[in-house]
Structures are given as C-alpha cells and as structure tokens.
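Q: All chains should be built: construct the whole structure from the sequences, respecting the hints.
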Amino acid sequence: MCALLWADNVSFRYAAGAPLVVDGVTVRLTDGALAGILGPNGSGKTTLLRLLSGTRRPTSGRVLLGERPLDQLSRREAARQIAVVPQETELAFEYRAIEIVLMGRHPHLGVFTVEGPDDIRIAQEALASTGTSHLAERMFHELSGGEKQRIVIAAALAQSADLLLLDEPTASLDLGYQLEISSLLLRLNQEQGVTMAISTHDLNLAASICRELILVRDGSVLAAGPTADVLTPENVMGLYDVEADVRINSETGHVTVVPVRLAAPKRIREGGRISRSSSGSGR
Amino acid sequence: MSIRRRIVTVVAAFAALAIAVMIWAPTVGSTPISLARAFDRSIPWDDNVDAQIFFVARLPRVLAGGLVGATLAAAGVVLQALLRNPLATPFTLGVSAGASLGAMLAVTMRLEMTVLGITSIPLASFAGSLVATAIVYALASSQRRGLSTNVLLLAGVTLNAFFSALILFVQYLADFAEALRAIRWMMGGLDVASYFPIIAALPFVLISFVAFAMMTRTLNLLSVGTEAAAARGVEIVMAQRLAFMSASLATGAAVSLGGPIGFIGIIVPHLVRLIVGSDHRIVLPASALFGAAFLVLCDLAARTLMSPIEIPVGVVTALIGGPFFLWLLVKRS
Chain A
1 MCALLWADNV SFRYAAGAPL VVDGVTVRLT DGALAGILGP NGSGKTTLLR LLSGTRRPTS
61 GRVLLGERPL DQLSRREAAR QIAVVPQETE LAFEYRAIEI VLMGRHPHLG VFTVEGPDDI
121 RIAQEALAST GTSHLAERMF HELSGGEKQR IVIAAALAQS ADLLLLDEPT ASLDLGYQLE
181 ISSLLLRLNQ EQGVTMAIST HDLNLAASIC RELILVRDGS VLAAGPTADV LTPENVMGLY
241 DVEADVRINS ETGHVTVVPV RLAAPKRIRE GGRISRSSSG SGR
Chain B
1 MSIRRRIVTV VAAFAALAIA VMIWAPTVGS TPISLARAFD RSIPWDDNVD AQIFFVARLP
61 RVLAGGLVGA TLAAAGVVLQ ALLRNPLATP FTLGVSAGAS LGAMLAVTMR LEMTVLGITS
121 IPLASFAGSL VATAIVYALA SSQRRGLSTN VLLLAGVTLN AFFSALILFV QYLADFAEAL
181 RAIRWMMGGL DVASYFPIIA ALPFVLISFV AFAMMTRTLN LLSVGTEAAA ARGVEIVMAQ
241 RLAFMSASLA TGAAVSLGGP IGFIGIIVPH LVRLIVGSDH RIVLPASALF GAAFLVLCDL
301 AARTLMSPIE IPVGVVTALI GGPFFLWLLV KRS
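Chains as they are written, first to last, in the numbering used here: chain A, 1 to 283; chain B, 1 to 333.
None of these hints come from the bench; they were simulated from the model. Source: prediction; values computed, not measured. Quick reminder that beta carbons are idealized off the backbone N, C-alpha and C, glycines included. Careful: at least some of the hints might be erroneous.
Ranges between beta-carbon positions, derived for each pair [to be verified]:
(1) 18/A to 16/B: 50 to 58 angstroms
(2) 76/A to 308/B: 53 to 61 angstroms
(3) 113/A to 151/B: 32 to 40 angstroms
(4) 128/A to 12/B: 54 to 62 angstroms
(5) 154/B to 41/A: 24 to 32 angstroms
(6) 77/A to 16/B: 34 to 42 angstroms
(7) 113/A to 191/B: 40 to 48 angstroms
(8) 315/B to 68/A: 45 to 53 angstroms
A: Written out as structure tokens, the structure reads:
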C-alpha cells in the first residue's frame with residue numbers, strides 16, 4: 001500500500017555541531033495505520049514527530065506526504081493534512097474549550113476570515129467524538145488533565161487532517177485517564193479512519209492499541225513491524241535495559257509487558273554499587 | 001450569536017466609548033465651551049471662539065492622547081502574546097529606554113534640527129527606539145532558528161538597564177536646566193502645539209496596525225503554544241518577526257509623540273481581557289480603543305485636576321492605573 005507519510009532515512013540535529021537527535025530513521029505510515037513510536041525518554045521521539053509533522057526540517061533525508069516532499073508545502077498546506085497533539089499545552093491566557101477547538105480551523109481560514117457555520121459544526125463534531133460537548137463553554141484551565149487532553153485532541157480533529165500525530169498523549173495522566181484516552185484514540189482510528197502515529201514510552205499503551213510499532217533508542221530505529229513481532233523480551237531489553245516478561249492474553253490477544261528487573265550492564269556498576277543516575281534516562 | 005457578530009458588536013461598543021470620550025474631552029478645561037457652538041458652521045470661524053478652542057487649542061492634544069493610548073495598548077497586547085507573558089509591556093524589550101536615551105542626547109547636545117516640522121527631541125527618540133529594536137532583534141535572531149522569546153526577553157531587560165545607566169550618566173554630565181527638560185520629557189506629555197506631530201507619527205502607527213490586524217488569530221495560536229501554533233499552520237519565525245517589528249515600530253512612534261507613558265500597555269489589555277475574554281480578534285481592537293479613551297481621560301485629569309498646574313500624564317496613568325490594577329488583581333483572586 002502507498003505510504004501516506006514517509007520519512008526516508010531522516011536525521012536531525014538542533015544546531016550545527018550538536019549530536020544527531022534523530023539518526024537515519026525510516027518511518028512509513030500507511031492509510032488507516034495506528035502506529036506507535038516507542039522509546040525511552042530522550043530517545044528522539046518528540047523530534048521524530050516534529051520531522052513527520054514538518055515543523056522541523058530534517059538535516060538529511062526527506063519526508064514525503066503522499067507524493068510531495070513535505071518541505072515544499074507551506075505550513076498552512078501541511079497543517080490541513082497533518083494535525084499534531086503536543087505533549088503539553090500551557091496557555092498564556094485563558095480560553096474557553098470551544099475557542100481552543102476552533103483554533104484547529106486556522107489552516108482552513110484566510111487572514112481576515114472568521115469561522116463560519118461550517119467551521120463551528122466541525123468543531124462541535126470534534127467535541128462530540130471526544131466526548132467533550134458538555135465542556136465546550138468551560139474555561140480550559142479549569143478542566144482536569146484528562147479533559148484538557150481530550151479538548152486538545154478535539155482541536156487537532158477540528159483541523160480535518162488525514163493524519164494525527166500524538167506526542168506522549170497519556171504521559172501526564174493517571175491510570176483512569178490513560179485508559180480513557182487510549183480507548184478514544186482506538187475508536188477514532190477504527191470508526192473514523194484517522195491515521196495515527198503515537199509517541200510514547202508506555203509499553204502497555206503501545207501494546208494495547210497500536211497495530212505496528214517503531215522502537216527508537218538514541219535516535220535510531222531498534223526494531224519496527226507488527227506489534228506482536230516487535231514486542232519481544234529481547235527488544236524490551238534493548239530499549240530500556242530492563243528484563244521483561246512479555247505475555248499474550250489468550251482472551252483478548254493483547255500483549256502485556258511486565259518489567260521483571262533492571263538489567264545491569266557493566267556501565268552502571270560502580271564498585272559493587274548500582275548507580276541510579278545512568279539507568280533512568282536510558283541513554 | 002455568530003463569532004463575526006460578537007466581534008463586531010464588542011468592538012463597536014468600545015469604538016463608541018472612545019469616540020464619545022474624544023469628543024467630550026476637548027469641551028472640558030479652564031474655559032468651558034459648548035459642543036453645539038463649536039460645531040455650528042453658520043458662525044464664521046473668526047467669531048467662533050468655541051470652535052477655535054475646540055479645534056486649535058484642545059483637539060490636537062486629545063488626538064495625540066488617543067493615538068498614543070491606542071498604540072501603547074495594542075503594542076502591549078501583541079508583545080504579551082509574542083512573549084507568552086501577561087506581564088510584558090511595550091517597554092519590556094528596550095524600545096522606550098532607547099527612545100529616552102535618544103531624547104536625552106538631543107537635549108544635552110542641543111540638537112536644534114527639524115525635519116518636516118518635527119523637532120529634534122521626537123526625531124532623536126524615534127531614532128533611539130529604532131536602534132534599541134535593531135539591537136534586541138539582532139541578539140535574539142543570532143541563532144539560526146528564528147527568534148528565541150527567552151533571549152528576546154533577556155536582551156530587552158538587559159538593554160533597558162544598560163540604557164537607563166547611560167541616561168543617568170548623560171544626565172549627570174548635563175547642566176540643571178537640560179537635565180530637568182529631559183526628565184520632564186520622560187514623564188510623558190501630550191501637549192502638542194499642532195496636528196503636525198500627530199500626522200508625522202500616523203504612518204508608522206498605521207503600518208503597524210495593518211500588521212496587527214493580520215495577525216490576530218495567529219496571536220491566539222501563539223498564546224496556546226509555539227509548537228502547537230506551528231502544527232496548526234503558523235509560520236512561526238515570520239509571525240514572531242512581524243509581531244516584534246510592528247509592535248516596536250508603533251511603540252517608537254508613540255513614545256516620540258508622547259514620551260514613555262507607562263502602565264497603559266499593561267493595564268488596558270488586562271482590563272479588556274477581564275471584560276471580553278482572550279480572543280485577540282476582540283482584545284486587540286478593543287484594547288486599542290479603550291487605550292485611547294483611557295489615556296485621553298488621564299490627560300484630562302492631568303490638565304484639570306490641579307489647574308493651572310499640569311501634572312505629567314505619565315504620573316497620572318501610574319497613580320490611577322497602579323492602585324486600580326492592584327484592586328482588580330485582589331478582587332479576582
């Protein structure tokens with residue numbers, strides 16, 4: 001199948017002389033895909049998503065949107081096809097939830113155009129499909145973490161893009177909200193056909209909803225393919241330096257990953273004591 | 001109500017307020033005049049003292065207040081969104097310090113040039129504001145990837161301190177009369193002698209306001225987050241440059257006309273947001289109109305409260321604005 005979005009051997013560094021944050025990564029997103037970009041903190045997931053959305057240009061390699069190189073599109077053109085849910089939303093001023101969602105219409109509006117009935121209908125549909133219609137008139141900063149995340153996803157949906165890129169959509173949420181968001185994403189993919197790439201460090205979120213996974217460590221792809229093939233104890237070890245028990249639930253078919261113990265390679269042993277500093281970041 | 005209706009209705013209400021204040025203000029003063037008589041075209045101009053006082057003596061000053069107030073308030077809105085910081089003012093990035101240094105140098109070096117009827121102090125202060133803008137811009141865009149708002153803030157704050165030190169130094173070397181004249185300029189004053197200084201500042205303000213009008217929705221997106229704005233189709237680097245340059249140009253023109261009048265650029269946008277919310281398509285024009293009305297009223301107080309003594313208008317805006325602003329903050333929290 002033809003790739004909707006194709007990052008072909010892309011590399012990126014934030015400044016000349018700085019290390020490569022993304023190093024020769026290839027990602028192919030086909031129409032209707034639900035892909036997870038999985039890796040430890042600092043592995044380059046966020047940067048990879050920025051390359052995929054076109055808000056950063058790769059230092060080398062190229063990103064194709066359909067047939068066209070992404071960097072030949074204006075930001076406006078790109079935003080009509082690719083929507084992004086950022087990791088965090090910090091408002092400088094107070095807005096109502098509906099105002100945030102309507103901002104998703106920006107790439108479809110002219111400089112002096114005001115949102116018309118169609119834009120408002122699309123925003124309301126986005127609210128409805130994220131189950132947040134009742135929050136429309138509430139102030140965004142008064143909402144709970146899960147409600148905020150759903151509003152931000154609604155804003156991205158209001159962009160009417162074919163592709164949705166989500167950066168750690170459940171990272172700051174507790175268990176209940178994590179489930180709420182992951183089932184919402186699965187539903188949007190299955191019922192509305194939204195193609196998605198989700199970056200996450202959460203193995204079980206990735207395992208429960210993503211059909212394919214790209215494992216990223218230190219800016220490079222460790223493994224990629226269908227979820228069940230990629231999520232092996234060896235790969236989890238390679239990704240996180242953690243020994244893990246990977247099980248397939250016989251009823252649901254879901255893969256679950258249970259961390260067993262921290263692997264102890266030579267570099268984190270210091271005179272018999274285990275240093276915590278080098279284990280957490282996964283670098 | 002549709003979004004367009006809401007924008008038009010709210011902005012029209014603020015426009016009505018600004019126009020009403022600017023028509024009423026010239027009638028107040030040491031010699032009360034009648035509006036009806038001032039606008040009565042059947043009385044010959046030479047016999048119509050009311051019209052002469054209205055149009056020649058007082059209206060230029062009111063219009064100057066309106067232009068400066070509108071500009072400082074609007075520039076405040078733009079900079080607060082650009083820096084994603086509600087405490088930013090039009091003077092945060094060093095524009096007014098540059099302008100003050102320019103004015104100070106014009107006074108102490110006894111520059112007596114005029115260009116197209118504009119005297120040396122406004123010319124020098126406008127030049128100073130442009131120099132400050134150029135320095136901050138060069139510092140903040142030295143990194144390849146567009147403007148860093150953090151560097152912009154730090155550069156602005158540092159430049160403010162540096163220019164203030166230079167101003168004190170020049171002032172220390174100046175003689176008493178010169179120093180006093182420069183200090184009075186820095187307190188702000190709208191006592192223009194004719195329409196000419198207003199017409200001279202107008203093109204710069206108008207160009208900036210066209211830029212402001214084009215970026216109102218972009219300012220909303222920047223308020224929500226720079227990355228998010230980029231993903232929604234905003235060309236971030238271009239938007240930031242346009243916002244910074246237009247706000248600085250407008251502020252420079254306003255300061256050269258009325259001096260560095262404080263508080264307008266922060267108190268007016270905050271008050272307006274309390275009333276209308278944060279949508280910049282409303283906040284920006286409403287702040288400009290409310291800023292015009294607010295500064296004209298402050299200037300009215302400045303010239304009438306202790307008549308015949310005039311209080312510097314910058315002192316009035318701070319004396320009225322400061323406590324009022326604190327009261328609002330306490331009341332809201």
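Q: Against this structure, judge whether each hint is valid.
A: Hint by hint, here is what the structure shows:
1. Residue 18/A and residue 16/B have their C-beta atoms about 55 angstroms apart, which keeps the hinted 50 to 58 angstroms range intact.
2. Between residue 76/A and residue 308/B, the C-beta spacing of about 59 angstroms keeps the proposed range 53 to 61 angstroms intact.
3. Taken as a hint, the range 32 to 40 angstroms holds for the pair residue 113/A and residue 151/B, whose Cβ atoms sit roughly 34 angstroms apart.
4. The given range of 54 to 62 angstroms is broken by residue 128/A and residue 12/B, whose C-beta atoms sit roughly 33 angstroms from each other.
5. A hinted range of 24 to 32 angstroms for the beta carbons of residue 154/B and residue 41/A is consistent with their spacing of about 28 angstroms.
6. The hinted range of 34 to 42 angstroms is satisfied by residue 77/A and residue 16/B, whose Cβ atoms lie roughly 41 angstroms apart.
7. For residue 113/A paired with residue 191/B, a C-beta distance near 43 angstroms keeps the hint of 40 to 48 angstroms intact.
8. A C-beta distance of roughly 60 angstroms is found between residue 315/B and residue 68/A, which places it outside the suggested range of 45 to 53 angstroms.
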